[in-house]
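Asks: Sequence:
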Amino acid sequence: HVDTGINRLGFPIREYVALLAETATVEGLNVSLLMSHLACAEEASHPLTLKQRDTFNTVRAKLPGVPASLANSSGIFLGKDYAHDLVRPGIAIYGGNPAPALANPMQAVALLEGTILQTRTVHAGETVGYGATWQAARETRIAVLGAGYKDGVPRALSSGNSNTPPQIFLGGRRCPIIGRVSMDMMAIDVTDLAHAVTRGDRAEILGPNILIDEAAGWAGTISYELLTRLGSRYARLYSELDSGRQA
Numbered sequence: 001h002v003d004t005g006i007n008r009l010g011f012p013i014r015e016y017v018a019l020l021a022e023t024a025t026v027e028g029l030n031v032s033l034l035m036s037h038l039a040c041a042e043e044a045s046h047p048l049t050l051k052q053r054d055t056f057n058t059v060r061a062k063l064p065g066v067p068a069s070l071a072n073s074s075g076i077f078l079g080k081d082y083a084h085d086l087v088r089p090g091i092a093i094y095g096g097n098p099a100p101a102l103a104n105p106m107q108a109v110a111l112l113e114g115t116i117l118q119t120r121t122v123h124a125g126e127t128v129g130y131g132a133t134w135q136a137a138r139e140t141r142i143a144v145l146g147a148g149y150k151d152g153v154p155r156a157l158s159s160g161n162s163n164t165p166p167q168i169f170l171g172g173r174r175c176p177i178i179g180r181v182s183m184d185m186m187a188i189d190v191t192d193l194a195h196a197v198t199r200g201d202r203a204e205i206l207g208p209n210i211l212i213d214e215a216a217g218w219a220g221t222i223s224y225e226l227l228t229r230l231g232s233r234y235a236r237l238y239s240e241l242d243s244g245r246q247a
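End of the sequence shown sits at 247 in this note's numbering; the numbers just go up one at a time, nothing left out.
The hints are simulated quantities; they were obtained by calculation from the structure and are not laboratory data.
A portion of the hints provided could be inaccurate.
[Said to hold, decoys possible] Just the calculated beta-carbon pair ranges, DEER-fashion:
#, residue 1, residue 2, range
1, 80, 9, 40 to 50 Å
2, 194, 81, 44 to 54 Å
3, 228, 138, 33 to 43 Å
4, 234, 174, 15 to 25 Å
5, 199, 48, 46 to 56 Å
6, 9, 199, 41 to 51 Å
7, 200, 63, 52 to 62 Å
8, 6, 172, 36 to 46 Å
9, 115, 14, 47 to 57 Å
10, 103, 63, 32 to 42 Å
11, 173, 61, 54 to 64 Å
12, 10, 194, 51 to 61 Å
13, 232, 65, 38 to 48 Å
[Stated by the list, open to error] The list that follows gives simulated cross-link-like pairs (lysine-lysine, DSS-like), each with its CA atoms no further than 27 Å apart:
#, residue 1, residue 2
14, 80, 62
15, 51, 80
16, 62, 51
Keep in mind the model is a prediction, meaning the values are calculated, not measured.
For glycine and all other residues, C-beta sits at the position ideal for the given N, C-alpha and C.
Take these sequences, add in the hints, and give me the full structure.
Replies: Okay, here's the thing in structure tokens:
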């Protein structure tokens, strides 16, 4: 692993060059892969991206025949100059957008759901949740969803924290989160749903209808953080794609 500019892991270039100068040491090495990591791959024209590409090419030339890897999820979409022999997709595997400046070429893969614990009616003027931060302007039907910041749902997804109200997908449409996201629960406005919501119904928190990058934007963070903070209380199920669908 050679550091070409991110200054995190790997041999600094000067140490790499010094190592290669030790002929006896190099002859005793069996290098199976040469790799580095891009710092600004989301920005194709960023000076550091271009510098890292060129530095890695120079580094690779000193070990001819050794497989090389530079591209992460975003780097894959920078073109063949970054592909080399092996790419290392991360967020793209889960459907996150590896190139935020462009339309997402990936399908949503990760699906996060929670269970409705209870429904109730809130009258106009009443408030919902800690701090009484949300007040009903009309008679409102709410559903309490059994997921909160203990499970990795950011408290920043509470209502009023972004210009676009954070939402979940329930009953065939998007429903706004109201009040604060608490440790184990959050409240959803289901007043406008055509069909009644009942205890035990499943709601989509992240998935094909609530995209990871969109939810991350509501929370003022990035999709990587949303996925990696999901708690151990979730049951994790892995399934194959339906026949005919493309990964």
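Asks: Given the hint of 47 to 57 Å, check if residue 115 and residue 14 actually sit that far apart at their C-beta atoms.
Replies: Check passed, 56 Å falls within 47 to 57 Å.
Asks: Does residue 80 pair with residue 62 here, judged by a C-alpha cut-off of 27 Å?
Replies: holds, 20 Å
Asks: Between residue 228 and residue 138, does the beta-carbon spacing fit 33 to 43 Å?
Replies: Distance hint for residue 228, residue 138 holds at roughly 38 Å.
Asks: Is the hinted range of 46 to 56 Å satisfied by the C-beta distance from residue 199 to residue 48?
Replies: holds, 52 Å
Asks: Do residue 103 and residue 63 keep their Cβ atoms within the hinted range of 32 to 42 Å?
Replies: Given range 32 to 42 Å: holds, Cβ gap about 37 Å.
Asks: Can you let me know if the beta-carbon spacing of residue 80 and residue 9 is within 40 to 50 Å?
Replies: violated, 25 Å
Asks: Can you let me know if the beta-carbon spacing of residue 10 and residue 194 is within 51 to 61 Å?
Replies: Between residue 10 and residue 194, where Cβ atoms are some 56 Å apart, the hint holds.
Asks: Mind checking the hinted window 52 to 62 Å against the Cβ distance between residue 200 and residue 63?
Replies: Because 59 Å falls inside the window, the suggested range holds.
Asks: 38 to 48 Å was suggested as the range; check whether the CB atoms of residue 232 and residue 65 agree with it.
Replies: holds, 44 Å
Asks: Can you tell me whether the CB distance of residue 173 to residue 61 sits inside 54 to 64 Å?
Replies: holds, 56 Å
Asks: Assuming the hint says 44 to 54 Å, is it satisfied by the Cβ distance from residue 194 to residue 81 or not?
Replies: holds, 52 Å
Asks: Do residue 6 and residue 172 keep their Cβ atoms within the hinted range of 36 to 46 Å?
Replies: Holds - the Cβ-Cβ distance for residue 6 and residue 172, about 44 Å, lies within 36 to 46 Å.
Against the hints set out earlier in the document, a violation occurs for number 1 only.
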